[in-house]
Structure formats: structure tokens, C-alpha cells
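**Student:** Each chain, letter by letter, is given below.
2 protein chains.
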Amino acid sequence: MSSFGYRLIAQDSGARLGEITTPRGIIRTPAFMPVGTAATVKALYPEQVKQAGADIILANTYHLMLRPGAERVARLGGLHKFMRWDGPILTDSGGFQVMSLAGLRNITEEGVSFRSHVDGSKHMLTPERAIEIQCLLGSDIQMQLDECIALPAKIDEARRAMELSLRWARRCQRAFADMAKPGQALFGIVQGGTYPELRRQSAEELAAMDFPGYAVGGLAVGEGQAAMLETLERTVPYLPKNKPRYLMGVGTPSDLIESVARGIDMFDCVMPTRAGRHGLAFTWSGRVNLRNARHAEDPRPLDEKSSCPAAREYSRAYLHHLVKAGEFLGAMLLTWNNVWFYQELMAAIRRAIAEGRFAEFAAEYRDRLANLEPNGE
Amino acid sequence: MSSFGYRLIAQDSGARLGEITTPRGIIRTPAFMPVGTAATVKALYPEQVKQAGADIILANTYHLMLRPGAERVARLGGLHKFMRWDGPILTDSGGFQVMSLAGLRNITEEGVSFRSHVDGSKHMLTPERAIEIQCLLGSDIQMQLDECIALPAKIDEARRAMELSLRWARRCQRAFADMAKPGQALFGIVQGGTYPELRRQSAEELAAMDFPGYAVGGLAVGEGQAAMLETLERTVPYLPKNKPRYLMGVGTPSDLIESVARGIDMFDCVMPTRAGRHGLAFTWSGRVNLRNARHAEDPRPLDEKSSCPAAREYSRAYLHHLVKAGEFLGAMLLTWNNVWFYQELMAAIRRAIAEGRFAEFAAEYRDRLANLEPNGE
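Residue numbers (our numbering), protein chains in the order written: chain A, 1 to 377; chain B, 1 to 377.
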């Protein structure tokens with residue numbers, strides 16, 4: 001069984017081509033991780049996620065600890081077996097979701113107490129329990145518990161949360177050393193809001209703790225793309241070059257391209273799956289809103305440049321009909337298209353880096369993919 | 001291009017093994033048609049329906065005439081191309097759904113006027129328009145417009161509706177002669193409530209009109225299985241032996257076995273698909289309610305006797321979790337399992353007839369498949 005590791009293969013215009021090795025397989029980076037919140041990438045069979053090109057998926061500790069429960073998943077043989085995904089799985093710490101339970105949670109030095117959104121039951125998430133849950137699930141890449149604050153935030157508030165997150169990082173690291181299996185990895189998470197000095201301090205202190213990978217947390221929470229990218233520029237230089245860098249919860253195709261240009265290797269976001277359930281498709285010509293009546297008699301496929309069956313074999317007219325009628329198949333096809341598109345995008349990014357033309361690639365696609373298709377809708 | 005035809009291959013204990021030939025392929029009978037109401041068998045890709053063993057599917061004229069509209073489907077190349085199903089399609093006349101719009105519809109000699117459940121718009125469905133719509137959709141087997149009354153009904157009411165349905169049958173036959181393409185077929189529908197004399201009259205008059213196939217309508221509307229089967233026994237003997245017989249809207253596995261024993265060749269029902277969206281699975285051991293907590297830690301697959309991937313490759317614990325969490329994948333897997341099971345059941349029925357052991361088969365399965373799995377739930 002191989003251990004966890006990262007190899008930097010090539011660099012081009014700030015972008016990094018690499019490879020993460022895990023006992024469950026290799027993750028080609030830059031990588032986008034489809035989100036399987038409740039042990040399923042919504043509206044897709046696991047085979048479709050694999051076939052789309054995903055090397056790794058993300059699952060949410062908060063949702064799984066409440067339903068079906070981490071101990072139950074462990075008794076059933078772990079998350080991989082439970083959901084029939086034999087590739088690597090990254091789990092978050094549950095912190096982000098818990099923090100967003102405004103009015104239902106209380107943060108102390110010890111951890112976060114909260115009430116379940118499912119049944120109102122009381123729970124306590126500490127750094128140690130967050131690691132224990134992730135070990136029970138059996139995830140390959142685990143995340144420290146951190147405090148993610150809403151932006152904009154005053155500097156004192158951002159500093160307090162960043163420093164708490166550092167103390168929790170140490171507790172997570174100790175718990176992980178006790179509980180994890182060989183080949184599993186724990187990532188530290190850089191916090192500090194949009195304050196460069198705090199981000200630098202957080203990155204440097206985490207780097208000194210020698211995690212096998214680092215996440216940039218607390219972004220894409222309302223600060224806007226420009227502020228996010230500026231924060232990345234002020235953070236990434238302080239992260240070790242020989243470790244993978246993961247930008248949590250991001251983002252649009254444009255966000256991915258811009259963040260790769262700033263040295264990010266890993267992403268996750270509900271955008272492709274959630275958009276698919278709401279009639280929105282990502283294509284190589286831009287976003288397409290299938291709810292729009294202009295598709296009602298359009299016999300063309302969704303995206304001839306895609307190799308996804310959902311993009312090539314069904315007419316826009318049919319997809320429009322399915323979406324308007326609220327049919328399962330509409331969500332199934334558009335989710336499939338979107339998850340596939342995101343993987344094609346990452347593959348194209350990796351090729352561009354390998355061939356030393358990432359800047360050209362970014363120039364061509366950074367805006368095009370963000371826009372709605374020509375014609376307006 | 002071959003024309004429409006029926007061939008009786010074998011008979012055993014009242015059950016018939018046969019084959020319907022259409023320009024779009026052969027339908028092995030007894031056949032169960034999955035229901036694709038709005039041009040999709042809910043929660044399944046068309047490839048899965050085919051792979052499950054279905055030779056033919058049903059689509060609903062009422063739903064399609066309102067959304068996306070028959071003329072629109074015709075402009076897009078017809079229903080087969082629209083929904084990517086290249087096998088035969090049977091459409092109903094729309095009558096059954098329209099009649100059930102209590103308070104929103106008005107029946108006259110001319111036809112039925114009604115308001116759309118989608119947008120409240122006014123529509124008129126006549127025998128001629130019902131055929132026109134089905135020809136626009138391009139369905140291979142079309143149904144006459146009939147009046148389906150609620151049961152129990154007084155004999156005068158049942159007679160009035162039966163006689164109106166006969167007059168509409170003649171008008172449909174004339175319209176079909178004008179509009180249909182070679183190889184398409186129009187079925188007459190026997191009505192008459194639970195009154196043997198009315199059923200006999202309806203069947204004999206329709207038989208004299210020489211339709212290529214006959215449906216038994218107006219059953220499975222609350223009269224109970226015993227009354228339904230008795231009505232079948234008093235109806236089927238008056239239908240031509242050399243034509244297929246279709247029992248509309250039926251039913252449970254037990255209903256299928258009992259009706260095949262009484263000479264029925266074709267079925268349709270929303271049961272396998274609807275049940276799949278509500279956590280109920282059909283298996284060779286009986287029905288399984290995946291909502292039940294006793295499945296929460298059951299690592300066994302749903303049905304080891306099934307060859308469906310949904311039945312074999314996922315644990316009951318996982319299916320329970322998906323159903324409780326309201327995940328798309330739960331509905332997708334259980335619908336897949338159920339549609340597949342219904343096709344396996346029909347294949348087993350056909351084999352039993354071919355091998356002259358249908359009575360034994362029926363004795364073994366008629367009750368078992370109707371019951372919940374042992375242990376109670």
C-alpha cells in the first residue's frame with residue numbers, strides 16, 4: 001500500500017501540474033472534486049462520476065455524522081464501501097456547515113455545540129471528534145476543524161478565529177496521529193479573512209507544523225472574485241511548494257482558471273451539481289439556462305464540444321421540456337453534463353500546463369466560460 | 001418495413017405466449033409496458049429501460065398534448081426521436097386522465113372539453129383530435145378515445161358510457177384510416193363496468209369492427225382484484241383469439257399473473273416507477289419498504305435473485321439512507337430495480353408458458369410477490 005504524497009510535475013505561468021498519490025489511487029492536479037454531501041453525488045450513479053474523469057470526491061462530515069451517523073458507516077465497512085466509490089475521498093471537518101447554523105450553535109475553545117437540522121438533537125464537534133468521525137468514515141484526506149467567519153469581518157474578529165483555528169489545527173494533528181491509518185492525510189486550513197498579514201501568519205504557522213497538504217479556507221463566502229484572488233496572491237507564497245494546495249468551496253469555471261493561475265491544485269464546489277438540478281448547464285460556449293423558452297424547439301445538442309452523452313445525445317428541446325416538467329431525468333442529465341464538463345475543464349487545464357500554454361488557455365476561456373451563451377437569455 | 005401483426009405461439013392454462021410485430025421491433029407477450037408519462041420513464045435513462053428488457057413503453061397523450069404539445073413534438077421529429085426511444089411506443093387517448101379532472105371537464109357526444117392542470121388553458125379532446133395527436137406523436141399503437149367511469153356504477157350509467165365509447169371507436173377508426181402511417185395500429189377499448197352483459201356487447205361490437213388489437217378498459221379503478229378478474233373472465237372469451245389483448249392500468253405482480261392466466265397479453269402501470277420514488281421495492285421475495293428502520297444496518301443487497309445492478313450492488317443500508325435523506329439516487333436505484341423486476345417477471349411468465357408450467361408458476365408466485373417480505377414491516 002503506497003503512502004500519501006505529492007509530486008510537482010510542471011509549472012507554467014504560476015499554474016502547477018502535479019499528482020497526489022494515495023493508497024486508493026492517484027489524483028491528477030489541478031483537480032476538481034465533485035461534492036457527494038450525503039454519500040452520493042446528487043442525481044448520479046457512482047460509475048458516472050468515475051467515468052466523467054473524477055479521481056476524488058468530497059463528502060460532508062456534518063451531514064454524515066447526523067445521517068446515517070459515522071459509527072453506523074464504520075460498522076457497514078466505511079464510506080467507500082457504503083457509497084460504492086473506491087477512489088480517494090476527502091471529507092471536510094463539518095465546521096463550515098456547523099458555523100453556518102446561525103442561532104443553533106455555540107463556539108468555545110473546546111469546540112462547537114449545535115443542534116441537528118435533521119431532528120434537533122444536540123451535538124458537540126471538537127477537533128478530536130472531527131478527526132474521530134473522519135477516521136470512522138475512513139476518508140483518505142481529512143480536514144482540521146477550523147472557524148470560518150463571514151466576510152467582511154473586522155481584523156480583531158478575523159485574528160481571533162484564525163488563532164483559534166491554529167490551536168484546533170494542533171489538536172487535530174495530535175488526534176490524527178492517534179487515530180488515522182497509514183496513507184491517510186490531514187490538511188491544515190489557512191484562515192485570516194481578507195487580511196494579508198493574518199493569512200501570512202496562518203500559512204507560516206501551519207507550514208511549520210508540516211501538514212501533508214494545505215487548504216485555503218474562508219473564501220468564496222461573499223467577498224467577490226477580486227478580493228478572493230488578491231487574498232490567494234497574499235497567501236499561496238507562504239505555503240510549501242512540495243505540498244498540495246486546496247481552495248475550499250470554489251467555484252465557477254472562471255474561479256478555477258484564475259485560482260490555478262495563482263498556484264492552487266484542488267477544488268470542490270456544489271456548483272455543477274446544484275446548477276444541474278436547477279436547469280443550468282455549463283458548456284464550452286458558456287452557461288446555458290435550459291428553462292429559457294428559446295430552447296423549446298431547438299433540436300441541437302447541449303454541447304457538441306463535450307464528450308458527455310448528456311451533452312451530445314439529447315436535444316435542447318427535450319432538456320427544456322424535462323426541466324419545465326420537473327422531471328428527474330432533467331436533473332440527472334444536466335448534473336451529468338456539468339460534472340463531466342468540470343472534469344473536462346480540469347483535464348484541459350492540465351494539458352495546457354503540461355504543454356506550457358496555460359496563459360493562452362486562461363486568456364481564451366476565463367471570460368467565455370463565465371458568460372451566458374451568446375443571444376442572451 | 002414490416003406491418004403490424006400478432007402471432008399466438010403457445011397456450012398454457014389460459015395463458016398465451018405471443019409476439020406482436022411492429023415496424024419498430026417485436027414485442028414479446030405477455031408484455032409489461034413501463035409508463036413514460038411525460039416522454040420519460042421517470043428517473044431512468046432510456047438505455048436502462050431497454051436494458052431492463054422492455055420491448056415497448058407507454059406515453060400519455062394528455063400530458064404530452066399540454067406539454068410540450070403534440071405539434072411541437074411533431075416538428076421535432078416525433079416522440080421516439082424526442083425522448084430517444086427507438087422501440088415501439090403505445091399512447092393512450094388522453095381520455096382517462098381527462099375524465100379524472102373532476103369539475104374541470106365536460107363530456108358531450110362530440111368529446112370532452114377541459115382545462116389544463118398545467119396552466120388552466122381550455123382544450124377539447126374529440127375522437128378525431130385524440131387520433132390526430134397520437135399521429136403527431138407518431139406512436140406505434142394508438143388507443144381510441146373512450147369514456148371511463150368510476151366504479152361502482154349503476155348499469156344505466158355503465159351502458160351509456162359503453163355505448164358512447166363504441167360510437168367514439170367508430171369515429172376514431174375513420175380518423176385513423178385518414179391519418180395513420182402504414183404499420184401503426186389502433187386498438188378498440190372494451191367498456192361496460194362490472195356488468196358481464198355490457199362487457200360482452202362491447203367486446204362483440206368492437207370485434208366486428210376488426211381492430212388489430214383490443215384493450216379492456218375501466219378496470220383497476222377501485223373495484224378490487226376479485227371483481228376485476230371476474231370481469232376479465234366474462235370479457236376475454238368474446239375477444240378475437242388472433243389479436244393482442246391489453247389490460248389497461250394494471251397492476252401488481254399478482255394482478256399480472258392472474259390476468260395472464262385469463263388470457264391477457266399486455267399491461268401498463270405506474271406502480272413500479274411510482275413505488276420506486278416512494279421507497280418501495282419489488283423483489284423475488286416480495287415487496288420491501290426501504291423506509292423501514294430495520295434496513296438501516298443491513299449490508300445485504302436488495303435482491304440476490306435479480307440480475308439488476310441496483311438490486312445486487314448496493315446494500316439495503318445504503319438504499320435506506322438514500323430514501324430517508326430524500327436523495328435522487330434512492331429514487332433512481334429503486335425505480336431501476338422495479339422496472340427491471342417487472343421485466344424479469346414477464347420473462348419468467350413467458351418461459352413458464354413456453355415450457356407448459358404456467359399453472360405451477362402462478363401457484364408459486366401469485367401470493368408471494370404480493371406480500372411484504374417475511375419479518376413484517
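Careful: at least some of the hints might be erroneous.
Because identical chains cannot be distinguished in the list, a pair is counted as satisfied if it fits within a single copy or across any two copies.
[Claimed, not checked] No farther apart than 25 Å at their CA atoms in a straight line, the calculated lysine-lysine pairs in the BS3-like style are these:
1. Lys50 / Lys81
2. Lys181 / Lys122
3. Lys324 / Lys81
4. Lys181 / Lys81
5. Lys122 / Lys324
Just so you know, these hints were derived from the structure itself, not from any lab.
**Student:** If you test the structure against every hint from before, which numbers come out violated?
**Tutor:** Failing hint: just 2.
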